[in-house]
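Each chain, letter by letter, is given below.
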Amino acid sequence: MKESVGTTGLIFNEPLLWEKGATGRIGFSLPRRDVDPCPLDDELKGGGPDFPDLSEQDVVRHFTRLSQWNFGVDSGMYPLGSCTMKYNPKTNERQASLPGFAGAHPLLPAELSQGVLKIMFDLEQYLAEITGLPAVTLQPAAGSHGELTGMMVISAYHKANGETRSKVLIPDTAHGTNPASAALCGFKSILVKSNDQGVLSPETIAEVMDEDTAAIMVTNPNTLGLFEENIKKVADIVHSKGGLVYGDGANMNAVMGIVNMKETGVDVLHLNLHKTFSTPHGGGGPGSGPICVTEELERFLPVPRVIEKDGKYELSENYPESIGKIHAFYGNFGVKLKAYSYILSMGANLKKVSQLAVLSANYIKESLKGVFHLPYDKPCMHECVFTDKNQEANKVSTLDIAKRLMEYGFHPPTIYFPLVVHGALMIEPTETESKEDIDHFIETMKAIADEAKKNPELLLEAPKTTKVRRLDEIAAARKPRLAG
Amino acid sequence: MRYLPHTSEDMASMLQKVGVESLDALFSTIPEDCRRKDDLNLPEPMSEWELNDHMNTLAGTMAVSPEYKVFLGAGSYDHYIPEAIKHLLMRSEVYTAYTPYQPEISQGTLQTIYEYQTLITRLLGMEVANASMYDGASSLAEALLMAIRITRRKKVAVSNAIHPLYRRVVQTYFAPTGYEIVEIPYLANGRTDLSALDNLEELAAVAVQSPNFFGCIEDLKEIGEKVHTAKKTLFVTCFTEPLAYGLLKSPGSLGADIVCGEGQSLGVSRSFGGPGLGIFASLNKYVRNMPGRLIGQTVDKDGKRGFVLTLATREQHIRREKATSNICSNQGLCATAATMYMASLGGTGFRELAGLNRDKAEYLKGELKKVGFTISFDSPTFNEFVAESPAGFETTYKKLLKRKIVAGLSLAPYYPELDDHYLFCVTETSSKEDMDALVKEVTS
Chain A
1 MKESVGTTGL IFNEPLLWEK GATGRIGFSL PRRDVDPCPL DDELKGGGPD
51 FPDLSEQDVV RHFTRLSQWN FGVDSGMYPL GSCTMKYNPK TNERQASLPG
101 FAGAHPLLPA ELSQGVLKIM FDLEQYLAEI TGLPAVTLQP AAGSHGELTG
151 MMVISAYHKA NGETRSKVLI PDTAHGTNPA SAALCGFKSI LVKSNDQGVL
201 SPETIAEVMD EDTAAIMVTN PNTLGLFEEN IKKVADIVHS KGGLVYGDGA
251 NMNAVMGIVN MKETGVDVLH LNLHKTFSTP HGGGGPGSGP ICVTEELERF
301 LPVPRVIEKD GKYELSENYP ESIGKIHAFY GNFGVKLKAY SYILSMGANL
351 KKVSQLAVLS ANYIKESLKG VFHLPYDKPC MHECVFTDKN QEANKVSTLD
401 IAKRLMEYGF HPPTIYFPLV VHGALMIEPT ETESKEDIDH FIETMKAIAD
451 EAKKNPELLL EAPKTTKVRR LDEIAAARKP RLAG
Chain B
1 MRYLPHTSED MASMLQKVGV ESLDALFSTI PEDCRRKDDL NLPEPMSEWE
51 LNDHMNTLAG TMAVSPEYKV FLGAGSYDHY IPEAIKHLLM RSEVYTAYTP
101 YQPEISQGTL QTIYEYQTLI TRLLGMEVAN ASMYDGASSL AEALLMAIRI
151 TRRKKVAVSN AIHPLYRRVV QTYFAPTGYE IVEIPYLANG RTDLSALDNL
201 EELAAVAVQS PNFFGCIEDL KEIGEKVHTA KKTLFVTCFT EPLAYGLLKS
251 PGSLGADIVC GEGQSLGVSR SFGGPGLGIF ASLNKYVRNM PGRLIGQTVD
301 KDGKRGFVLT LATREQHIRR EKATSNICSN QGLCATAATM YMASLGGTGF
351 RELAGLNRDK AEYLKGELKK VGFTISFDSP TFNEFVAESP AGFETTYKKL
401 LKRKIVAGLS LAPYYPELDD HYLFCVTETS SKEDMDALVK EVTS
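The listed protein sequences derive, respectively, from chains A and B.
If you count the first sequence from 1, position 145 lands on 145 in the working numbering, and the numbers rise without skipping.
If you count the second sequence from 1, position 319 lands on 319 in the working numbering, and the numbers rise without skipping.
These aren't lab readings, by the way, just hints derived from the structure by calculation.
Just so we're clear, the structure is a prediction, and the values are computed from it rather than from any experiment.
Mixed in with the good hints there might be a few duds.
[Stated by the list, open to error] Below are the DSS-like pairs computed for lysine-lysine, each with C-alpha atoms no more than 30 Å apart in a straight line:
| id | chain 1 | residue 1 | chain 2 | residue 2 |
| --- | --- | --- | --- | --- |
| 1 | B | Lys301 | A | Lys446 |
| 2 | A | Lys309 | B | Lys398 |
| 3 | B | Lys249 | B | Lys399 |
| 4 | B | Lys404 | A | Lys312 |
| 5 | B | Lys369 | A | Lys45 |
| 6 | B | Lys155 | B | Lys285 |
| 7 | B | Lys432 | A | Lys369 |
| 8 | A | Lys479 | B | Lys304 |
| 9 | A | Lys369 | A | Lys446 |
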């Protein structure tokens, strides 16, 4: 086997911030005082926060050391299913940090913020072109915020028709955020089982769909990495009873330039710019979750909306049926800017992106089939789902496989999700990994499967070479220590 | 294409392994009627330098300092961000990592966010803070929903001196479920009018902002005492300018049950309003009702200190429809920036910087008074204040824009009764000369 990329090296211990420093130090360049002090009433005055005082170098060394305990896309392959951990182009970071953008106040008059308004206007058009759904809002700050906004639009639509519907259908292959987003809009989730092919069957939907059901929330491609091939029939059934189709577009990386989401019957679709459109995840966020809707639903989109008049851009509040605002300003503009920059760099190559993402996932599926149990043996989209069934006899689980992968220098796939598959290992390579790296991953997975048979201890004890070993999560939850 | 490494040979051998003949054939499971009929109609791909030119041009249309002198606050503040923070945030291991689901290789993120949670509790005088929300507005909406869950009541009271855009977000969050919002008026001194508050027992929460939208510092102690005369009602305080707590008593020390707000001031650039940082903190007894992620301290197999995501049973991926919120991605990188910022200032620097912000704002207040402005509210303020302009100022305002000065925010669109009133903000980045120039232009 090729030499493992995972190795050991010198990393540093580093205490917590408040275990360092000495009172009176500072790591900040305070400006010269050019006005007189103007004391505040003692009644209102406090002592200020109990923060440690540190020098600039203390701070830099602290966070540099901490960063070395992390694994990022730039460290190595990160096949985290459903998260689309593709390469984050550096030019995007440059664009977002331009002073004209980074320093822009959100309440500047329109005539002094034409550049950002144009970016938002154009980005909306591009996303409409990519999805096939004509009207777009960029305001939601993350995917689940987009889901919430989309469900609010659906709620407003039914209200405008003089109806109150109480239920939402959610397949067992949907993202976990879907039921929570529906619940925030007061909807009750009805779980719908997918069939033995891993997709929705129109018959099941016909049985549960009724006139008290507001919508179905479909993740397509779904979390098994499969295209919902009956989506059009499902949508027709839902529409025939007056319901709407919500599309979770978190997996859009599989189908850009290939599928027209409007043609599939979707009425509202959210995108994750921090997945499909290459913006970094930042260790948890910020993301951006625009939603794209049909002409019929456009009037409910959040305000303000960017409009163009005679080549000038402005923000308009003039949408009386809008659901209102869902962000103080316009969402995570800095993230949108990176996605805009990515789309301009790629153009129609976005179709190639999806083709290669799907090629790589199928290649992994075919290469590991037999070594790991593949519950749905059919062509996949951008990700494939294996299980630990073949390893059960050796008392080795998905978790152990994941932990052993770290020692070889790979980020583990998504594990134990989707819930419909026991012991799931959900692998999404993305289009930016080269064939050599994918081959190395495949080789490593095979080696781990071999170890599971011959020396399971290696997996059960892993990881040993990381900054910390397996952590006691039960103790953490039982007696929470959430601040020092 | 530099982000797509597959050569023709790579593709050919991979296709062969998969057993299909072409890239198109990979999509055989997609029915014909779901497909696009045409190619993507997007602009021709730009080279890296073409993109730079394009973006430079667009960025050049924006009114930003130092070319412009912008006296705008209202939820987005111009504070200096140390170069060291910008450099640290660009470390790839920090910004290209996902949510720390695998703790053994995410200790950097986990320790940082644990430090963030800790520094936020110290800043606000609270017991527990989460790993962040989207922004100040959604943070407030989630705080009120949390109070509704805890008290099982369906009505909240919200001060009219809370940021008007935050109140609109709360309305949107409440609309589908029909929870009721009672508005509390403000007094002639710019503070919330508590005398208007009755039937406290019916309320899940009373929410005020301090410093409020007008910049006025609320008497949180008095409000908290009144709210707590009702047994279960929660006292929610919010903020748009956390730097104020370098100078003011913390909301926790004055009786707040939940504190939420916007943390953009703490080392996050304004970026046309986002990404910002939704800060969220509460008392320990409510932690299981809190939305959002939490990081906790624990030990590894060898007894070494380490950090993990914890109390996840509150969250959407486990609790599904019974979760405390649907939030998943948060503003982690902004929380990281805030941690670096708070660490760079330290307690000593934070107090000094806060003092400087107030002193500068007081200077401008005084100078504007001398040239015919009336200070609208006489309550003490931090780095923002409202001033009523002399007659004809609207024309002057437009003239000043041409001279690259943004002379505050007109309040008329938000508060029709405050026609001719402007909200001014001064931070440490405005020098005395900048303020003198504004005052001079106003009178010329």
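Satisfaction of hint between Lys304(B) and Lys479(A), Cα-Cα up to 30 Å: 17 Å, holds
Satisfaction of hint between Lys312(A) and Lys404(B), Cα-Cα up to 30 Å: 20 Å, holds
When you check the alpha-carbon spacing of Lys369(B) and Lys45(A), does it fall within 30 Å? Holds, because 25 Å separates the two Cα atoms, which is no more than 30 Å.
Keeping to a limit of 30 Å between CA atoms, is the pair of Lys432(B) and Lys369(A) held or broken? 70 Å, violated
Lys301(B) paired with Lys446(A) [C-alpha distance capped at 30 Å]: Holds, at roughly 27 Å.
With a cut-off of 30 Å on the C-alpha distance, tell me whether Lys369(A) and Lys446(A) pass. Measuring from Cα to Cα gives roughly 10 Å; hence the hint holds.
With the threshold set at 30 Å, check whether the alpha-carbon distance from Lys155(B) to Lys285(B) stays at or below it. 22 Å, holds
Tell me if the straight-line CA distance from Lys249(B) to Lys399(B) falls inside 30 Å. 40 Å, violated
Holds or violated: Lys309(A) with Lys398(B), Cα cutoff 30 Å? 21 Å, holds
The structure fails hints 3 and 7 (numbered hints given earlier, in ascending order).
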